Amino acid sequence: MKYLSEYRNPELAKKVLHEIEKTITKSWNIMEVCGGQTHSLVKNGILSVLPKKITMLHGPGCPVCVTPLNLIDKAIYLAEKEDVILCSFGDMLRVPGSKKNLLEAKAQGADVRILYSPLEAVTLAKQNTDKEVVFFAVGFETTAPANALSVLHAEKLGLTNYSILTSHVLVPPAITALMEDPESNIDAFLAAGHVCSIMGYWEYFPLVEKYKIPIVVTGFEPLDLLQGILMVVKQLEEGRAEVENQYVRMVKEKGNTTAQKIISDVFEVGDQMWRGIGTIGKSGFHLRGKYARFDANKKFSIHIKMASENKECIAGNIMKGISKPFECSQFGKACTPQNPLGAPMVSSEGACAAYYNFSTIYKTMDL
Amino acid sequence: MKKSLMKLQCPVPKFDFDIITLAHGSGGLLTNKLLESGVFSLLKNEELDQHHDGAFLNMNGNIAFSTDSFVISPVFFPGGDIGELAVNGTVNDVAMCGAIPQYLSLSFILEEGLPVNEFWDILVSIKFAAEKAGVKIVTGDTKVVNRGKGDKIFINTTGLGHIHPKANINLMNIKKGDKIIVSDDIATHGIAILSVREGLEFETSIESDTRSLNYLTTLLLDKFGSDIHLFRDPTRGGLASTLNEIAMDSSMGLVLQDEAIPVATQVKAACEILGLDPLYSANEGIFMIFVPDNIASEVVNVLRATEEARHAAIIGTVVDDHHGKVLITNPLGGKRVVNMPLGEQLPRIC
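Protein chains in written order, with my numbering: chain A, 229 to 595; chain B, 2 to 351.
Don't take each hint at face value.
[To be verified] Computed beta-carbon distance windows for the label pairs:
no. : chain 1 : residue 1 : chain 2 : residue 2 : range
1   : B       : Met-173   : A       : Leu-347   : 48 to 54 angstroms
2   : A       : Lys-489   : B       : Asp-152   : 42 to 48 angstroms
3   : B       : Arg-148   : A       : Lys-526   : 34 to 40 angstroms
4   : A       : Lys-518   : B       : Ile-274   : 31 to 37 angstroms
5   : A       : Lys-254   : B       : Ser-298   : 45 to 51 angstroms
6   : A       : Gln-355   : B       : Arg-148   : 17 to 23 angstroms
7   : A       : Val-497   : B       : His-324   : 49 to 55 angstroms
8   : A       : Ser-529   : B       : Phe-203   : 34 to 40 angstroms
9   : A       : Asn-356   : B       : His-53    : 46 to 52 angstroms
10  : A       : Gln-355   : B       : Lys-150   : 20 to 26 angstroms
11  : A       : Ser-529   : B       : Asp-152   : 34 to 40 angstroms
[To be verified] Some chain B residues close to chain A (C-beta under 8 angstroms, calculated; not the full set):
no. : residue
12  : Asp-223
13  : Gly-226
14  : Asn-331
15  : Pro-332
16  : Gly-335
17  : Lys-336
18  : Leu-343
It is worth saying that the hints were derived from the structure and are not from the lab. Treat the numbers as computed from the prediction; the structure is a model and nothing was measured. Ideal placement from N, C-alpha and C gives every residue a C-beta, glycine not left out.
Please work from the sequences and hints to get the whole structure.
Here it is in structure tokens:
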């Protein structure tokens, strides 16, 4: 806990906040890419203390939010099969599919298990050889090594009843897509510290060069976030556009090369569908051909109709930072955390849910 | 008392069966054996000894009445079991009404196949928890369901108790400026249970804090009487749920101070790792007290002098603003809304 409490020191945080206030002269739109950072900004009340000149845009880095509708329907289809145990990270269970979510499927008798690690799913497969164990492998680069490792473990154990249903998305192509979008109005990025602890930050140099936009690798504690914002504001005010690393205690330029090796052994980069945004070229990890037998998509013949998103939901524009959640006609009306129309309202990391939590008292709180 | 010592004092009687079968719930000979050599002999008291369809009680005046069902899995968990929980849970609900719990009913729904020695262990826990809380178990029932139709054992308890003569507990008594006190560390029970849930096991020495709270509530009522505006025990859904209910039902606003809320270091660490919020985690051994500002520190001091509430603390205030909502502030000056949870907390991906 020592390493956490140090980065939550309110006195130091106030100093950094004061420094931001002293430095800023113009209005800036800063996007935190990662949902974990959105969560921390909300949980620690940082959004309510930042200078009014800073607008934080909550990017597409919530894995729960960007997992395609079609894939959630596939997961539900598999979970409902007699002989399948479907394992998932906890917060995927409430994400709406086209007809229901995994929690509802579970209530109707599907065998859905919440796990913390894909390696536990491999253990389950070993213990239940008469069942097919499928791990719903979603996430950014952060969760990719553990998911890849689970495949390697299953192979080593000679398991034929383990597979993964993947939706792995990558940060740098998402930043490129956002910058190429003519409607985007992002002045700078806080890059996701956890993703960079795996991948490093060498991938960001060409982006900074091409789009002349500051990118600061940032951690998740209040002091991390405030420092990251300060570093971004300094760059913007001074007219610089560089890659900087606030999260030095975790992130090296080259990242975790062992983890990267495991990823590239198991996965290859390919086009990927992002819920609410669309397909982004070379923005996802897919299982390599030599591991095709662990690919749930190929292993099972999955018969589902391609469903389309709720037309009222403007999740895409929200995740691109073009619209604010309360600009959506359904926000807080037809769409609430109890009855989400789109994924950003589901997870506490989702921008809509984060705003919903504030909005009901927005007017009285002077946020 | 240590669990091993309890078992030593109450060894399993010689039953000529090892597991519970449907016959134990049929009302015949086996039911009789289970009750006579088991439940009745262990929980013995004047009222129960009458073996009647119900209990004859002598009660006059204002009475609090509460019921609760217990379906926890696993039934044995670090720091307790379902039996202890079933007694403490209802005792505490009666105590939160400002009453002194006196009598409990006890009903079992057993799943066919439950090992008798496990049932016995649960009964022994019930006996000692009831003795500790000073309540008598005066009536009950046992049913057995087919294997697969239950989760080993479900227990329902109902409690009765006279309202403390000085008590005036009422949600509508809470006022602007009242302080919110929590009696001890929060989230301990929820995290202890999570640590042994299938699929989520992690190594920890965190134990459930399940305990009866009636001595503490009586102590406070003896001393502060009607200055105690409200007692509530934040069980399922944690502090966040209970505080939201209070805010909504009273139409007042509540403001908490994040740094003031006591959480044991190990529990805090487990929550960090698992991506959970202690505010939403279940509690069994703590309660909240709403009192006027001028006696708040004294209430905390009285609580801290007891073994069960050493970490009592003032965690928030009732305000005449953002009605029906709970806010939390942190030392940075940041604020956020503490929402009603949607369901059980789900661990986050990252």
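For each hint, the structure was consulted:
Between Met-173/B and Leu-347/A the beta carbon distance is about 53 angstroms. The supplied range of 48 to 54 angstroms therefore holds. At about 45 angstroms, the beta-carbon gap between Lys-489/A and Asp-152/B stays in the expected band of 42 to 48 angstroms. For Arg-148/B paired with Lys-526/A, a C-beta distance near 39 angstroms keeps the hint of 34 to 40 angstroms intact. Remark: the range hint 31 to 37 angstroms for Lys-518/A to Ile-274/B is upheld by a beta-carbon distance near 34 angstroms.
Here the CB-CB span from Lys-254/A to Ser-298/B is close to 48 angstroms, well matched to the stated 45 to 51 angstroms. For the hinted restraint 17 to 23 angstroms between Gln-355/A and Arg-148/B, the CB-CB distance of approximately 21 angstroms keeps it satisfied. Restraint check, Val-497/A to His-324/B: a C-beta distance of roughly 52 angstroms satisfies the suggested window 49 to 55 angstroms. Between Ser-529/A and Phe-203/B the Cβ separation comes to about 37 angstroms, which falls inside the hinted range of 34 to 40 angstroms.
For Asn-356/A and His-53/B, the hinted distance range of 46 to 52 angstroms is satisfied, since their beta carbons lie about 50 angstroms from each other. Separated by about 24 angstroms at the C-beta atoms, Gln-355/A and Lys-150/B satisfy the suggested range of 20 to 26 angstroms. Range check, Ser-529/A to Asp-152/B: Cβ separation about 35 angstroms, and the 34 to 40 angstroms hint holds. Hint status for Asp-223/B relative to chain A: violated, with the closest Cβ pair at about 38 angstroms, above 8 angstroms.
Taken as an interface hint, Gly-226/B does not check out: its beta carbon lies about 35 angstroms from the nearest beta carbon of chain A, beyond 8 angstroms. At its closest, the beta carbon of Asn-331/B sits 6 angstroms from a beta carbon of chain A; the interface hint therefore holds under the 8 angstroms criterion. About 3 angstroms separates the beta-carbon of Pro-332/B from the nearest beta-carbon of chain A, less than 8 angstroms, and the hint is met. Residue-level restraint check for Gly-335/B holds (minimum Cβ-Cβ distance to chain A is 2 angstroms; threshold 8 angstroms).
Interface hint status for Lys-336/B: upheld, as the beta-carbon distance to the closest one in chain A is roughly 5 angstroms, under 8 angstroms. Because the closest C-beta pair between Leu-343/B and chain A is about 6 angstroms apart, less than 8 angstroms, the hint holds.
The structure does not agree with the numbered hints 12, 13 stated previously, though it agrees with the rest.
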